[in-house]
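Read off the chains here:
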Amino acid sequence: MGAALVARYLLRRSLGWLFMIVVATNVTYFLANFFLDPRANYLQLRPPRTPEQISRSLAQYNLGRDIPLLDRWWHWFSDIVVHWNWGYSPVGESVNSQISFRVGVSAQLMLGSLILSTLIGIGLAVYTAARQYRFADRFYQGLSIITLNVPVVVASLAVVLLAITFNQSVGSTWLFVAGAQSPTVTGFWPLLADRVRHLILPTISLTVITYAGYHLLQRSLLLDNINSDYVRLARAKGLTRQAAIRRHGLRTSLIPVATTVAFAIPALFTGAVITETIFAWQGMGQYFYQTISKNDIHGAVAVAAFGALMTAISAILADIAVVALDPRVRVS
Amino acid sequence: MTTNLPPLQPTVGHLDTAPSLTEERVVHRGQRLSRRRLYTRRFLRNRGAVAGLVILALLILFAIAGPMLASYTYTDVDFTNLTSAPSSQHWFGTNGTGNDTFAQTTHGLQRSMIIGVVVSALTTVIAAFVGAAAAYLGGTAEKAILGIVHFLLVVPSFLLLALISQKAGGDWKVLILVLTAIGWVYGARVVWSLATSLREREYVQAARFMGVSSLRIVLRHLIPNIGSLLIVSFTLGVVATVQAETGLSYLGFGVKQPDVSLGSLLGDGAATITSAPWLFYFPATMLTLLTVSMALIGDGLRDALDPMSYSVGRA
Chain G
1 MGAALVARYL LRRSLGWLFM IVVATNVTYF LANFFLDPRA NYLQLRPPRT
51 PEQISRSLAQ YNLGRDIPLL DRWWHWFSDI VVHWNWGYSP VGESVNSQIS
101 FRVGVSAQLM LGSLILSTLI GIGLAVYTAA RQYRFADRFY QGLSIITLNV
151 PVVVASLAVV LLAITFNQSV GSTWLFVAGA QSPTVTGFWP LLADRVRHLI
201 LPTISLTVIT YAGYHLLQRS LLLDNINSDY VRLARAKGLT RQAAIRRHGL
251 RTSLIPVATT VAFAIPALFT GAVITETIFA WQGMGQYFYQ TISKNDIHGA
301 VAVAAFGALM TAISAILADI AVVALDPRVR VS
Chain Y
1 MTTNLPPLQP TVGHLDTAPS LTEERVVHRG QRLSRRRLYT RRFLRNRGAV
51 AGLVILALLI LFAIAGPMLA SYTYTDVDFT NLTSAPSSQH WFGTNGTGND
101 TFAQTTHGLQ RSMIIGVVVS ALTTVIAAFV GAAAAYLGGT AEKAILGIVH
151 FLLVVPSFLL LALISQKAGG DWKVLILVLT AIGWVYGARV VWSLATSLRE
201 REYVQAARFM GVSSLRIVLR HLIPNIGSLL IVSFTLGVVA TVQAETGLSY
251 LGFGVKQPDV SLGSLLGDGA ATITSAPWLF YFPATMLTLL TVSMALIGDG
301 LRDALDPMSY SVGRA
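For the record, the sequence lines run as chains G and Y. Residues 1 to 332 in the working numbering are what the first sequence lists, from first letter to last. Residues 1 to 315 in the working numbering are what the second sequence lists, from first letter to last.
FYI, nobody ran anything at the bench for these hints, they're computed from the structure. All values reported here derive from a predicted model rather than from experimental measurement. Among these hints, one or two may not hold up.
Computed beta-carbon distance windows for the label pairs [unchecked claim]:
#1 274/Y - 200/G: 16 to 24 Å
#2 323/G - 197/Y: 18 to 26 Å
#3 93/G - 47/Y: 52 to 60 Å
#4 14/G - 38/Y: 18 to 26 Å
#5 306/Y - 246/G: 26 to 34 Å
#6 197/Y - 164/G: 51 to 59 Å
Here are the simulated lysine-lysine pairs, DSSO-like style, with alpha carbons at most 27 Å apart [as the list claims (entries may be wrong)]:
#7 143/Y - 256/Y
#8 294/G - 167/Y
#9 256/Y - 294/G
The following residues of chain G were derived to be distant from chain Y, with all beta-carbon distances above 10 Å [unchecked claim]:
#10 112
#11 161
#12 278
Each residue gets a CB set at the ideal place from its N, CA and C atoms; glycine is no exception.
Chain G with its partners taken away, still in its complex shape (with noise of 0.2 Å):
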């Protein structure tokens, strides 16, 4: 298998994934004109603006109501391709400006968790397979099943709650509850520790709820592949029973984990939604909510676009993981 041919199979599989992405993207624009009105944000203005008034300042973020649907989807689609520009909402903010500072806001917290679970998830269920079916196997899967299975919202809330005993009994506000980082801090390493100390409840909340899917998916493909030959062959050697199972067989049955670790990306990225909007965190999670609660139509279909292109990218990448894990998998 030469380098040329994966460097085609990975250009057609792109071009499919962008083909799916552009057209999602328009039918999400026109889902969006329908069901959300902008001129429902101006209704409750004071003074009151009379239907000209407000036709007339949407107009200028081609919202316009008395434009036919299909010139404003032109001018918005042609701007988008032609100036890489997505468009206003509907008080006149760029959505280039909000998704380019969002998104690394999200992956901040993104990244954190992201590691953390996996090394938690694969850490446990190397640990437990070992044990299958004795006291500690039995615990943490029941633990596992138990936060697997906790609502997202009670989970975050729970951290809340408990983050605010802690602080009560500190005494004083060590862990923040709500957003990304204080307004006064500065100098740099002032900076980082503030930003670290807002990272870490929203961290531990979402690595809450992921480890377990990890820990139960690579637990049960572990246990598949501890009694076969390559890893019985590999004590015959002289290995330690951990170690044959840590290097032979968890090698092989890494590879369906990759594989839902890299489709885990996008739905961190935009499925995050409730976690930011409780700790206050200003990413692509919290963008989702506000644009259509406030009916910003251009940014709604920004973050539909933005959440298909990190499905394209992670089904590439899980496909890349299979074929660099996996010897016997070739490109067709």
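Position chain Y relative to chain G; hints supplied.
Relative to chain G, chain Y alone:
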């Protein structure tokens, strides 16, 4: 070739004796179990699953009997008790507008359960039919169905859910429709991948050559053979639906005032989590018990129905 064919005209006597033969065998072996008894035995051996079943039964009882026991309905407002802690008058306390939290929790639990069960049942049926039909029909039909499925997987479903149910104005019946319309996609993909291996089996081929219609083959030969998967995915689908409904209602995109679900109750309770924690504790406990018990039952069913699984002992 000809020797392998069964006799063209089975005699009447043959048909009569056949059932009695099998009956005899069952009686002789003694310990041979009917399939249902085997599954029940395997399920009951799993302590977690039994605990889940008991919790679920209690929750259902609570959701049905609770509103009868309470002296308030979920819309009643008690102006003399605003945000008061649990007491003998208001067992679970009241919220800021004076609604009785006990009445609201039982009603919300009912709402969440109905939405979860109905949506999961509908999505399982649709997923089974669409997935199996795509696999059986093959060719252009299969390509078209898979194209739609893959496309819907790319579209951020939570966004669509929020968009549509935002417009629906908090009606739970519309929420059921929307959750169903979006929820069947992944299941259909799974069913399709399983059914593609089934369609090559001899009994499917035999049925086809006998002239059985496509619809009948899908309904009578393909779907029953992935039945155990469907039962498990139904229970786990309830968990997923309840989670999705809670998330939507929490954000204010799902069930809305004056109706309540556990998610919208949590949304109300979140703001006052330190000053009035009972508004969080009671709905959160019910919700967690509901999802965890369903998940335990689903796991138990999977182990009981899976012939390869020995995690609950043999037989």
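For each hint, the structure was consulted:
1. 274/Y - 200/G: 16 to 24 Å: holds, 19 Å
2. 323/G - 197/Y: 18 to 26 Å: Distance hint for residue 323/G, residue 197/Y holds at roughly 24 Å.
3. 93/G - 47/Y: 52 to 60 Å: For residue 47/Y against residue 93/G, whose Cβ atoms are near 55 Å apart, the range 52 to 60 Å holds.
4. 14/G - 38/Y: 18 to 26 Å: violated, 49 Å
5. 306/Y - 246/G: 26 to 34 Å: holds, 28 Å
6. 197/Y - 164/G: 51 to 59 Å: Holds, at about 53 Å.
7. 143/Y - 256/Y: The hint is violated at about 40 Å.
8. 294/G - 167/Y: Holds, because 13 Å separates the two Cα atoms, which is no more than 27 Å.
9. 256/Y - 294/G: Roughly 17 Å between the alpha carbons, so the hint for residue 256/Y and residue 294/G holds.
10. 112: Non-interface label on residue 112/G holds, nearest chain Y Cβ at 22 Å vs cutoff 10 Å.
11. 161: violated, 6 Å
12. 278: violated, 7 Å
Against the hints set out earlier in the document, violations occur for numbers 4, 7, 11 and 12.
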